[in-house]
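2 protein chains.
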Amino acid sequence: MSPELAARFAALVSARDVLDADAAKPKLSEPRGLYRGKAALVLTPRSTEEVAAIVRLAHETGTVVVPQGGNTGLVGGQTPDGSGEAILLSTAKLDRIREVDAEGDLMVVEAGVTLARAQDAAAEVGRLFPLSLGSEGTCTVGGNVATNAGGTAVLAYGNTRDLVLGVEAVLPDGRIWNGLRRLRKDNTGYDLKHLFIGSEGSLGIVTAVVLKLFPAPRETATAFVGLASPHAALELFRIARAHAGPALTGCEIIPRIGIEFALKHLDGARDPLAEPHPWNLLLELSSPLSVGLAATMEAILEEGFSKDILQDATIAASGDQAAAFWRIRMGLSEVQGHEGGSIKHDVSVPLGSVAVFIEEATAAVEAHAPGARVVAFGHLGDGNIHFNVSQPVGADKATFLAGWDAMNRVAHAVVHAHHGSVAAEHGVGRLKRNLLREVKTDVELDLMRMVKKALDPKGLFNPGVILEETQS
Amino acid sequence: MSPELAARFAALVSARDVLDADAAKPKLSEPRGLYRGKAALVLTPRSTEEVAAIVRLAHETGTVVVPQGGNTGLVGGQTPDGSGEAILLSTAKLDRIREVDAEGDLMVVEAGVTLARAQDAAAEVGRLFPLSLGSEGTCTVGGNVATNAGGTAVLAYGNTRDLVLGVEAVLPDGRIWNGLRRLRKDNTGYDLKHLFIGSEGSLGIVTAVVLKLFPAPRETATAFVGLASPHAALELFRIARAHAGPALTGCEIIPRIGIEFALKHLDGARDPLAEPHPWNLLLELSSPLSVGLAATMEAILEEGFSKDILQDATIAASGDQAAAFWRIRMGLSEVQGHEGGSIKHDVSVPLGSVAVFIEEATAAVEAHAPGARVVAFGHLGDGNIHFNVSQPVGADKATFLAGWDAMNRVAHAVVHAHHGSVAAEHGVGRLKRNLLREVKTDVELDLMRMVKKALDPKGLFNPGVILEETQS
Numbered sequence: 197m198s199p200e201l202a203a204r205f206a207a208l209v210s211a212r213d214v215l216d217a218d219a220a221k222p223k224l225s226e227p228r229g230l231y232r233g234k235a236a237l238v239l240t241p242r243s244t245e246e247v248a249a250i251v252r253l254a255h256e257t258g259t260v261v262v263p264q265g266g267n268t269g270l271v272g273g274q275t276p277d278g279s280g281e282a283i284l285l286s287t288a289k290l291d292r293i294r295e296v297d298a299e300g301d302l303m304v305v306e307a308g309v310t311l312a313r314a315q316d317a318a319a320e321v322g323r324l325f326p327l328s329l330g331s332e333g334t335c336t337v338g339g340n341v342a343t344n345a346g347g348t349a350v351l352a353y354g355n356t357r358d359l360v361l362g363v364e365a366v367l368p369d370g371r372i373w374n375g376l377r378r379l380r381k382d383n384t385g386y387d388l389k390h391l392f393i394g395s396e397g398s399l400g401i402v403t404a405v406v407l408k409l410f411p412a413p414r415e416t417a418t419a420f421v422g423l424a425s426p427h428a429a430l431e432l433f434r435i436a437r438a439h440a441g442p443a444l445t446g447c448e449i450i451p452r453i454g455i456e457f458a459l460k461h462l463d464g465a466r467d468p469l470a471e472p473h474p475w476n477l478l479l480e481l482s483s484p485l486s487v488g489l490a491a492t493m494e495a496i497l498e499e500g501f502s503k504d505i506l507q508d509a510t511i512a513a514s515g516d517q518a519a520a521f522w523r524i525r526m527g528l529s530e531v532q533g534h535e536g537g538s539i540k541h542d543v544s545v546p547l548g549s550v551a552v553f554i555e556e557a558t559a560a561v562e563a564h565a566p567g568a569r570v571v572a573f574g575h576l577g578d579g580n581i582h583f584n585v586s587q588p589v590g591a592d593k594a595t596f597l598a599g600w601d602a603m604n605r606v607a608h609a610v611v612h613a614h615h616g617s618v619a620a621e622h623g624v625g626r627l628k629r630n631l632l633r634e635v636k637t638d639v640e641l642d643l644m645r646m647v648k649k650a651l652d653p654k655g656l657f658n659p660g661v662i663l664e665e666t667q668s
Numbered sequence: 197m198s199p200e201l202a203a204r205f206a207a208l209v210s211a212r213d214v215l216d217a218d219a220a221k222p223k224l225s226e227p228r229g230l231y232r233g234k235a236a237l238v239l240t241p242r243s244t245e246e247v248a249a250i251v252r253l254a255h256e257t258g259t260v261v262v263p264q265g266g267n268t269g270l271v272g273g274q275t276p277d278g279s280g281e282a283i284l285l286s287t288a289k290l291d292r293i294r295e296v297d298a299e300g301d302l303m304v305v306e307a308g309v310t311l312a313r314a315q316d317a318a319a320e321v322g323r324l325f326p327l328s329l330g331s332e333g334t335c336t337v338g339g340n341v342a343t344n345a346g347g348t349a350v351l352a353y354g355n356t357r358d359l360v361l362g363v364e365a366v367l368p369d370g371r372i373w374n375g376l377r378r379l380r381k382d383n384t385g386y387d388l389k390h391l392f393i394g395s396e397g398s399l400g401i402v403t404a405v406v407l408k409l410f411p412a413p414r415e416t417a418t419a420f421v422g423l424a425s426p427h428a429a430l431e432l433f434r435i436a437r438a439h440a441g442p443a444l445t446g447c448e449i450i451p452r453i454g455i456e457f458a459l460k461h462l463d464g465a466r467d468p469l470a471e472p473h474p475w476n477l478l479l480e481l482s483s484p485l486s487v488g489l490a491a492t493m494e495a496i497l498e499e500g501f502s503k504d505i506l507q508d509a510t511i512a513a514s515g516d517q518a519a520a521f522w523r524i525r526m527g528l529s530e531v532q533g534h535e536g537g538s539i540k541h542d543v544s545v546p547l548g549s550v551a552v553f554i555e556e557a558t559a560a561v562e563a564h565a566p567g568a569r570v571v572a573f574g575h576l577g578d579g580n581i582h583f584n585v586s587q588p589v590g591a592d593k594a595t596f597l598a599g600w601d602a603m604n605r606v607a608h609a610v611v612h613a614h615h616g617s618v619a620a621e622h623g624v625g626r627l628k629r630n631l632l633r634e635v636k637t638d639v640e641l642d643l644m645r646m647v648k649k650a651l652d653p654k655g656l657f658n659p660g661v662i663l664e665e666t667q668s
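Going down the list, the sequences are from chains A and B.
Numbers in our numbering are just positions in the first sequence, counted from 1, shifted up by 196.
Numbers in our numbering are just positions in the second sequence, counted from 1, shifted up by 196.
So that you can see chain A by itself, here it is in the shape it has in the complex (with noise of 0.2 Å):
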């Protein structure tokens, strides 16, 4: 970029808005260091309309404007290329809580809230924003928005597809598409937002949204269980939903490595269960109901026992003793890192696929690569697992990673085999959008082609994230 242009771009915005090279450097590479690039300039806009005048001089000069958020997610979908060329347009100051309307169930934020922010102010005037996940404290709402975030909370709640009322967005000719709409029904045409919710940042850049509200819970009930297989802990669910319907809000799946990972890396970590259990699941019910969820509990884990699903199970008897089981679950990731290099698949599949998947996709990784152990853990209850694999003891962590492909297509070969996502929660960015041939006929990708050209005929925003570049 010229270092004319480069001042018309800085000109846009105030001066301490545009970064210097250190504050721009941790955005200019992603939290696991996969990716890494360069931009012309690195702007942090304060206004929508700053982010229009800025997106409109992109549109008139040819310039590529990168979106980004937290700067946390997994698949490298937030990182300019190595060129240098592109304008990084951070969200990070447009972070206002323009309201909360609690009468109303909704709230409308900034992009750059984060995520723990707009929960904490939904939880002020006594609502729940469930969108829950581990970067929560990091990770912002625009992100959440561009990339579907789930989560942990997806099973009663939806995506953040399902949480969103509204959206404001620059699209990428420099307008400015005030879609904030605070509706639960509205018929008037093509229903928008959900082009842009899911896009990761390549059909325009979301400011502002308007999020729905819940009723806050007035009981939560814990359990954390052992089974044999996932198999049962599929019946388990089963159970638990029939009972429980939408006050099921958590179910998550952990094998017996994930439990020790945890009690040799996280502090304090205890063991839920006296003996251990291949697999473990933890139960959560909750609801703004005062009906004694613990019986409800009581009554799905009698079952699972009177059937012979269960090994053994605990209920929390405290807050604190259900943040400790989650704290297990929640730290999988973290825990991994002190194991050595791992190899992540980010997959779903159909509800009813979910157990045979994992014992398939693990008997095909360990045949594969004898000595690797597989961690295969998360939303069993949306058919969503993290089926991340750690390298064998011992084993040259560059070597085994240098095995990363391969072991994707080790694993995703079963993920299609069961009609799968390969791209579940985290999105595909750049990390996975060769892997979208495998999944999507022609049809459709030349649908989402013809959607980006519709919108991005320039193909100037997050060029290569999603969709390979196209010349334009």
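Where hints are given, some of them may not hold.
Note that the list lumps identical chains together, so a pair holds whenever it fits in one copy or between two copies.
[Stated by the list, open to error] List time: in silico DSS-like cross-link candidates among lysine-lysine, alpha-carbon distance up to 30 Å:
id, residue 1, residue 2
1, K460, K234
2, K593, K649
3, K221, K593
4, K460, K289
5, K289, K234
6, K289, K654
7, K593, K654
8, K460, K654
Keep in mind that the hints were calculated from the coordinates and are not lab data.
What you are looking at is a predicted structure, and each value in this text was computed from that prediction instead of being measured.
With chain A held as given, fit chain B onto it using these hints.
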């Protein structure tokens, strides 16, 4: 259309699927007779492949295609224009339930399956398919998807959009998009199903869908409440939602005049309460939890009484009594037909504004048309009111109905003041396309046109529905 071309279309299906004039006639006007059209051919293909063959020929020859489901739509979206050049493509014989997977909590049904059959198929395996609306015996799942149908269960289960996991559609160029995914989480790029859902047949034709199933409720508690005002109804809704959360599965407001119409015109209808009240609320709790929902309902009503929100209330003592409450609610459209002309407004406003909307719109309409009888009823908990206006007693029906657009302008002005929707759950069709300019910015209309042009560049699919016709 030339006889030669008509013969080419007819040859794509079996002879019995080319309807003769008698069989075609009921499909060429919509139920209220507001729209009547002509078609070169009315075809009832029996497979997705037959649909695709028809659409390919239409694409090749520049022939307009109008998709039609159960022909229950209220906005003229299913009726061809008067030119007689279009193919009316009825999904009536795409009527297979391809699969019901109770364990996976899903079913795969073709577009022409009636909603009632889909509900029954779910119930047969002990599951709930919650979509529920007045025309469910006749309307089809494909039509529900095309219009993103709402109904009485949106409060707890969402609109049709929220109940669809996957879509199979024939695109305007005749290609089949198989998007019949069965996944609860899938972030592999743009979520194209949301483009087709609610597109009213203007972007292609949905031929089959994967629908979510839910646990069947074990318990239901239903109450009929008398109140002084819509404000009191909204306050009671908030109390109910705080107590019951997702177990609040129905919250319908009914004005006194609606009860009176029902008592007069519905066989065997009885007033649920001893005394008349200006407003009534039908509350339903249901849940798979076995927890004594009656106690929760009592707690809701007690809080309502203690805060002087309620005037009277009765809890249904039996399923029959609950059904009698619902019969009054579901009969409200029909009974208005016995009271002369009725001008309809299918509108929504943000939840917090629904009570003041009813009051303001009623005052505006009564000032505009003295003697006109406002019958404002419906889905209070969704902010979606069927703001219908019955003619003054003894007035001339045709004269009254001639004031449809003027009346709309008066009521819609109040909708606009509250940033509401003028097409909340019935869609846009031909009836409301002129209204979109009032509720959409130019940017949004332009986005919609960009999408239409990208998917249907020749403008052959349901032209004039949602968007005004454009020259291709």
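The hints, checked one at a time:
When the C-alpha separation of K460 and K234 is checked against a cutoff of 30 Å, the pair qualifies neither within a copy, at 38 Å, nor between copies, at 75 Å. Neither within a single protomer nor between protomers do K593 and K649 lie at most 30 Å apart by alpha-carbon distance, with minima of 41 Å and 51 Å respectively. When the C-alpha separation of K221 and K593 is checked against a cutoff of 30 Å, the pair qualifies only within one copy, where the shortest distance is 26 Å, while the shortest distance between copies is 72 Å. Proximity of K460 to K289 under the C-alpha cut-off of 30 Å is found in neither arrangement, the shortest distances being 39 Å within a copy and 61 Å between copies.
Taking the shortest alpha-carbon separations for K289 and K234, only the intra-copy value of 21 Å comes in at or below 30 Å, while the best inter-copy value is 57 Å. For the homomeric pair K289 and K654, the shortest alpha-carbon distance inside one copy (27 Å) is at most 30 Å, but the shortest distance between copies (44 Å) is not. Taking identical chains as interchangeable, the C-alpha atoms of K593 and K654 are never at most 30 Å apart, the minima being 41 Å within one chain and 55 Å between chains. In this assembly of identical chains, K460 and K654 lie within 30 Å of each other by CA distance neither inside one copy nor across copies; the values are 52 Å within and 64 Å between.
Hint compliance for this structure: hints 1, 2, 4, 7, 8 are not met, and every other hint is.
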